[in-house]
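Trainee: Okay, here's what each chain looks like letter by letter:
There are 2 protein chains.
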Amino acid sequence: MVKFPDTPTFAGYNEPMRFEADLVDLEVEGEVPADMNGAFFHVRPDPHYPPKFGDDIYFGGDGAVSAFYFDHGRVHFKHRYVRTDKYVAEEKAGEALFGAYRNPLGDDESVKGKYRGTANTNVLVHGGKLWALKEDSPPVLMDPWTLETEGYTDLDGKLTAQTFTAHPKIDPKTGQMIAFSYAAKGLCTASIAYIEIAPDGTLEREVYLEPPYYSMIHDFAVTEDYVVFPVLPVIGSWQRLEAGLPHFGYDPNKEMYLGVMPRGGDAKDVRWFSAPACFNAHVLNAFNEGQNVHIDLPVGQSNGMPFFPDVTGAPFNPETAAPMMIRWTVDMGSNSDGFEQSAPIAPIPGELPRIDDRYAMHPYRHGWYHTADPTKPVDLPSTPADIGLFFVNTLVHQDFMTGAPQTYWGGPDIVFQEMQFVPKSKDAPEGEGWLLALANHGNSRRTDLLIFDPLRLAEGPQTTISLPFMLRSGVHGNWAPAENMPTT
Amino acid sequence: MVKFPDTPTFAGYNEPMRFEADLVDLEVEGEVPADMNGAFFHVRPDPHYPPKFGDDIYFGGDGAVSAFYFDHGRVHFKHRYVRTDKYVAEEKAGEALFGAYRNPLGDDESVKGKYRGTANTNVLVHGGKLWALKEDSPPVLMDPWTLETEGYTDLDGKLTAQTFTAHPKIDPKTGQMIAFSYAAKGLCTASIAYIEIAPDGTLEREVYLEPPYYSMIHDFAVTEDYVVFPVLPVIGSWQRLEAGLPHFGYDPNKEMYLGVMPRGGDAKDVRWFSAPACFNAHVLNAFNEGQNVHIDLPVGQSNGMPFFPDVTGAPFNPETAAPMMIRWTVDMGSNSDGFEQSAPIAPIPGELPRIDDRYAMHPYRHGWYHTADPTKPVDLPSTPADIGLFFVNTLVHQDFMTGAPQTYWGGPDIVFQEMQFVPKSKDAPEGEGWLLALANHGNSRRTDLLIFDPLRLAEGPQTTISLPFMLRSGVHGNWAPAENMPTT
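Chain order of the listed sequences is V and H. Quick note on numbering: the working numbering labels position 176 of the first sequence as 176, and the sequence is numbered without any gaps. Quick note on numbering: the working numbering labels position 138 of the second sequence as 138, and the sequence is numbered without any gaps.
No wet-lab data here; the hints were simulated from the structure. From a predicted model like this one, the values you see are computed outputs, not experimental measurements. Heads up, some of the hints might be wrong.
A pair counts as met if it fits within one copy or between any two copies, since identical chains are not told apart.
[Stated by the list, open to error] With a straight-line cut-off of 25 Å between C-alpha atoms, the simulated DMTMM-like cross-links for lysine to aspartate or glutamate are:
{"hint": "1", "residue 1": "LYS92", "residue 2": "GLU20"}
{"hint": "2", "residue 1": "LYS424", "residue 2": "ASP171"}
{"hint": "3", "residue 1": "LYS376", "residue 2": "ASP251"}
{"hint": "4", "residue 1": "LYS254", "residue 2": "ASP331"}
{"hint": "5", "residue 1": "LYS92", "residue 2": "ASP269"}
{"hint": "6", "residue 1": "LYS92", "residue 2": "ASP71"}
{"hint": "7", "residue 1": "LYS112", "residue 2": "ASP154"}
{"hint": "8", "residue 1": "LYS92", "residue 2": "GLU31"}
{"hint": "9", "residue 1": "LYS3", "residue 2": "GLU20"}
{"hint": "10", "residue 1": "LYS129", "residue 2": "ASP22"}
{"hint": "11", "residue 1": "LYS52", "residue 2": "ASP71"}
{"hint": "12", "residue 1": "LYS376", "residue 2": "GLU430"}
{"hint": "13", "residue 1": "LYS112", "residue 2": "ASP6"}
{"hint": "14", "residue 1": "LYS114", "residue 2": "ASP310"}
{"hint": "15", "residue 1": "LYS3", "residue 2": "ASP453"}
{"hint": "16", "residue 1": "LYS268", "residue 2": "GLU242"}
{"hint": "17", "residue 1": "LYS92", "residue 2": "ASP22"}
{"hint": "18", "residue 1": "LYS3", "residue 2": "GLU242"}
{"hint": "19", "residue 1": "LYS92", "residue 2": "GLU27"}
{"hint": "20", "residue 1": "LYS112", "residue 2": "GLU432"}
{"hint": "21", "residue 1": "LYS3", "residue 2": "ASP35"}
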């Protein structure tokens with residue numbers, strides 16, 4: 001009998017959605033640009049069944065993909081669960097068979113050895129397929145139009161790494177997907193694999209390397225010539241799993257490391273640079289000027305994820321955790337094992353950073369991210385206990401040339417989800433286009449997809465596309481221009 | 001650009017739902033009986049596009065079928081639009097092409113001559129197909145498991161009537177579907193066709209007859225030996241359509257008639273019995289004792305449908321319109337052209353009457369219906385302007401042997417939808433089983449499917465099956481026991 005527990009993970013705007021849906025012609029206020037053609041894919045953890053052990057963290061939910069298809073001014077919607085091995089086995093059983101988040105020790109005997117992935121973290125189109133990604137398992141491929149799941153892929157037997165990041169980068173010049181794997185040789189193994197995939201989805205290169213210790217490597221940085229693996233002290237171990245602790249914990253007493261490798265290089269070419277502990281989840285952008293490698297990203301001075309608690313027992317501190325955009329610069333020409341950390345490069349703290357992806361890996365001017373403005377009133381049916389820094393009521397545009405930010409506050413019951421920049425055309429100047437943001441209205445239980453002028457964020461949305469229900473809080477997503485979608 | 005008007009037809013719990021949905025394993029409070037196997041189908045008008053002329057009545061919406069599949073204690077949900085000719089043409093165009101409710105004069109040139117039906121009034125399984133019915137068009141057949149639409153049917157070319165009632169009866173002894181058509185020879189024609197369909201869906205008989213005048217014949221009565229067509233003064237005409245009036249209007253100065261025909265009879269065997277004007281929408285049950293034909297039904301003394309206004313301009317009067325259950329008795333052995341009308345046979349007024357369908361056409365003891373209890377508090381986001389007698393907060397069980405009613409009030413924000421009796425087994429005594437009722441929570445925007453003990457209604461639901469969204473207010477539905485569902 002399906003009955004969810006009465007805990008914050010499943011309440012208010014984190015309430016499980018659980019249904020799959022289709023809607024032709026979403027309701028629209030304003031105009032949908034007729035030349036904005038393609039699809040916006042977004043994924044959310046959405047538990048199909050109540051957790052096997054009563055409660056679990058928000059990120060344990062089954063991946064459910066939302067697709068907004070933009071077709072010459074009309075917008076159609078489709079929402080489907082990813083048919084992971086986990087989803088299929090549990091649906092057959094009618095209950096949860098897998099135990100706690102990233103801990104296989106409590107799994108039902110019948111699913112031992114199956115992929116535990118939920119494909120709930122990111123989705124993007126590459127090589128004509130929709131890749132649904134969770135960093136603890138290989139990629140799952142889906143049909144971008146029907147959202148039917150093809151299943152886990154080992155890329156024609158070429159992918160040996162056991163996991164795949166949820167944050168691969170598309171090289172805007174070569175069209176390659178640049179990716180990596182951590183825990184590449186199995187759960188809690190420290191091994192990293194660097195992965196290059198051709199525009200058609202063929203695996204081109206897989207290079208193994210060993211970091212100083214096992215940690216959660218949620219995102220990484222790629223420039224035209226280098227790749228950077230941030231090893232931050234979000235640690236994990238079998239001992240923790242056996243003790244029934246959360247898979248990850250933050251250890252403020254451990255050094256952090258950056259592993260930098262030339263993109264054409266090998267394990268022997270990796271150099272490790274270190275600094276005192278800090279916290280980061282996502283990378284804004286990176287580029288290199290010769291041997292100087294710049295990584296721009298939001299960094300906090302203490303743990304940013306309260307659901308992965310500080311191992312010293314220190315409570316979550318939103319003030320020290322507040323992530324400021326800074327620039328890390330590694331000089332690959334020097335003999336130092338340290339690197340430069342800049343002062344904040346933007347006045348407003350925040351997370352879920354995005355850029356005009358055509359400028360990925362290269363010098364760029366504009367960034368967009370979310371912030372939680374504490375001066376604004378909050379009127380929500382419940383306050384999420386476990387989201388930490390990702391509860392956000394305000395969108396930020398940062399012009400790194402002028403230094404000036406613009407913000408847009410959503411309203412007292414609105415929680416935003418990650419933004420997406422869509423260029424007006426292939427050759428439009430940086431930042432010229434549209435900015436998409438999903439807004440969850442906690443009280444009226446609805447989700448709007450808002451379209452902004454990316455460089456005039458403060459003016460508010462020019463178009464509101466409305467769903468007649470609320471999507472559960474989601475994670476990441478990506479736009480696929482019409483020319484990247486497979487022909488039907 | 002899709003944008004619904006801000007009118008009561010599209011507000012609050014009448015807000016269009018518009019999406020199609022699938023959900024495996026609905027959330028359940030209490031127990032779903034493991035031996036309750038089959039499917040509960042229910043249909044609602046749900047406008048896919050805003051009305052062509054700004055506003056329209058609630059009943060103009062496109063038919064959207066909800067299916068609850070009961071499988072050994074698990075309940076799965078599916079919701080699909082019926083792909084009527086109207087739905088398909090409008091979806092392609094991205095806007096409404098058909099004009100006002102039952103008025104073709106405003107239709108777009110591109111759809112002239114197409115069926116205008118919305119299949120939005122009733123659904124039932126017969127001959128292995130799901131029949132989706134709207135009384136202005138032929139039946140639409142669907143797959144009961146996938147809810148895929150097969151399309152309009154003329155029953156292998158045998159059905160010549162141009163319309164088909166939304167209230168056919170299944171003869172519990174023969175398994176035949178007994179049906180009829182009004183406006184059988186085209187819009188606003190007075191002609192009626194009587195229709196018999198075999199258990200396998202084959203048309204067996206079609207008999208034409210002419211009533212005294214054209215009227216809305218929404219339901220009819222069938223006994224073991226007779227069929228009764230109630231011609232009540234809910235009149236319509238081309239003149240009204242040309243004047244832009246609602247298709248139907250109530251004329252309190254016209255006589256009403258009952259046309260009674262032996263089931264094996266022909267047009268020449270029909271006799272017409274008359275009385276002063278009154279209003280009825282649905283029939284509870286009917287049976288005959290020899291030549292005495294009893295028809296039990298809720299009857300009001302003035303118009304019950306404010307959206308089809310009184311032609312004299314008299315305003316809607318909820319007090320005189322309140323439908324009381326009474327018994328009409330026609331003596332087919334007498335020479336009179338009148339008939340007997342009983343005093344109320346139940347103390348509580350109400351509508352949407354249902355019985356244990358195994359007792360249809362035969363003497364019976366139990367009835368269930370809805371009532372609007374004016375003594376109870378109301379807390380709804382908006383009050384429906386056009387639903388008239390069908391806004392109901394209370395369920396009623398009437399034991400016609402003891403005379404005693406039981407009631408269940410839902411709560412200040414609950415609007416119920418039509419109940420469904422499900423027998424515990426084929427041979428269980430009358431009334432022994434389960435009673436299903438959909439409850440719309442107007443404020444939290446959710447629909448629950450409640451299971452009651454049919455004979456202990458006042459005790460409240462024993463089981464609550466929850467949808468994570470609200471279905472738009474619906475109309476009729478039916479249970480299909482597992483043995484009536486096609487094998488998959």
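Trainee: Compare the structure with each hint and give your call.
Mentor: We went through each hint and held it up to the structure:
1. In this assembly of identical chains, LYS92 and GLU20 lie within 25 Å of each other by CA distance both inside one copy and across copies; the values are 17 Å within and 22 Å between.
2. Taking identical chains as interchangeable, the C-alpha atoms of LYS424 and ASP171 lie at most 25 Å apart only when both belong to the same chain, with a minimum of 19 Å there against 64 Å between chains.
3. For the identical chains of this complex, LYS376 and ASP251 are neighbours neither inside a copy (33 Å) nor across copies (59 Å), given an alpha-carbon limit of 25 Å.
4. In the homo-oligomer, the alpha carbons of LYS254 and ASP331 lie at most 25 Å apart inside one protomer (23 Å), although the nearest pairing across protomers, at 96 Å, exceeds that limit.
5. With identical chains, the CA atoms of LYS92 and ASP269 are never at most 25 Å apart, being 48 Å at best within one copy and 58 Å at best between copies.
6. For the homomeric pair LYS92 and ASP71, the shortest alpha-carbon distance between copies (12 Å) is at most 25 Å, but the shortest distance inside one copy (36 Å) is not.
7. Taking the shortest alpha-carbon separations for LYS112 and ASP154, only the intra-copy value of 20 Å comes in at or below 25 Å, while the best inter-copy value is 55 Å.
8. For a Cα distance limit of 25 Å, the shortest separation of LYS92 from GLU31 across copies, 20 Å, qualifies, whereas the shortest one inside one copy, 43 Å, does not.
9. Taking the closest pair of Cα atoms, LYS3 and GLU20 come within 25 Å of each other both inside a single copy (19 Å) and across two copies (23 Å).
10. Taking the shortest Cα distances, LYS129 and ASP22 sit within 25 Å of each other both inside one copy (20 Å) and across copies (24 Å).
11. With identical chains, the CA atoms of LYS52 and ASP71 are at most 25 Å apart between copies only, with a shortest distance of 22 Å across copies and 42 Å within one.
12. Taking identical chains as interchangeable, the C-alpha atoms of LYS376 and GLU430 are never at most 25 Å apart, the minima being 31 Å within one chain and 61 Å between chains.
13. Taking the shortest Cα distances, LYS112 and ASP6 never come within 25 Å of each other, neither inside one copy (29 Å) nor across copies (54 Å).
14. Taking the shortest alpha-carbon separations for LYS114 and ASP310, neither the intra-copy value of 30 Å nor the inter-copy value of 68 Å comes in at or below 25 Å.
15. Within a single copy, LYS3 and ASP453 get their C-alpha atoms only as close as 43 Å, which misses the 25 Å cut-off; across copies the closest is 22 Å, which meets it.
16. In this assembly of identical chains, the alpha carbons of LYS268 and GLU242 never lie at most 25 Å apart, being 34 Å within a copy and 86 Å across copies at closest.
17. In the homo-oligomer, the alpha carbons of LYS92 and ASP22 lie at most 25 Å apart both inside one protomer (23 Å) and across protomers (15 Å), since each shortest distance falls under that limit.
18. Taking the shortest alpha-carbon separations for LYS3 and GLU242, neither the intra-copy value of 28 Å nor the inter-copy value of 55 Å comes in at or below 25 Å.
19. Taking the shortest alpha-carbon separations for LYS92 and GLU27, only the inter-copy value of 16 Å comes in at or below 25 Å, while the best intra-copy value is 35 Å.
20. For the identical chains of this complex, LYS112 and GLU432 are neighbours neither inside a copy (50 Å) nor across copies (45 Å), given an alpha-carbon limit of 25 Å.
21. In this homomeric assembly, LYS3 and ASP35 come within 25 Å of each other (Cα to Cα) only across copies, at 21 Å, whereas the closest approach inside a single copy is 45 Å.
Hint compliance for this structure: hints 3, 5, 12, 13, 14, 16, 18 and 20 are not met, and every other hint is.
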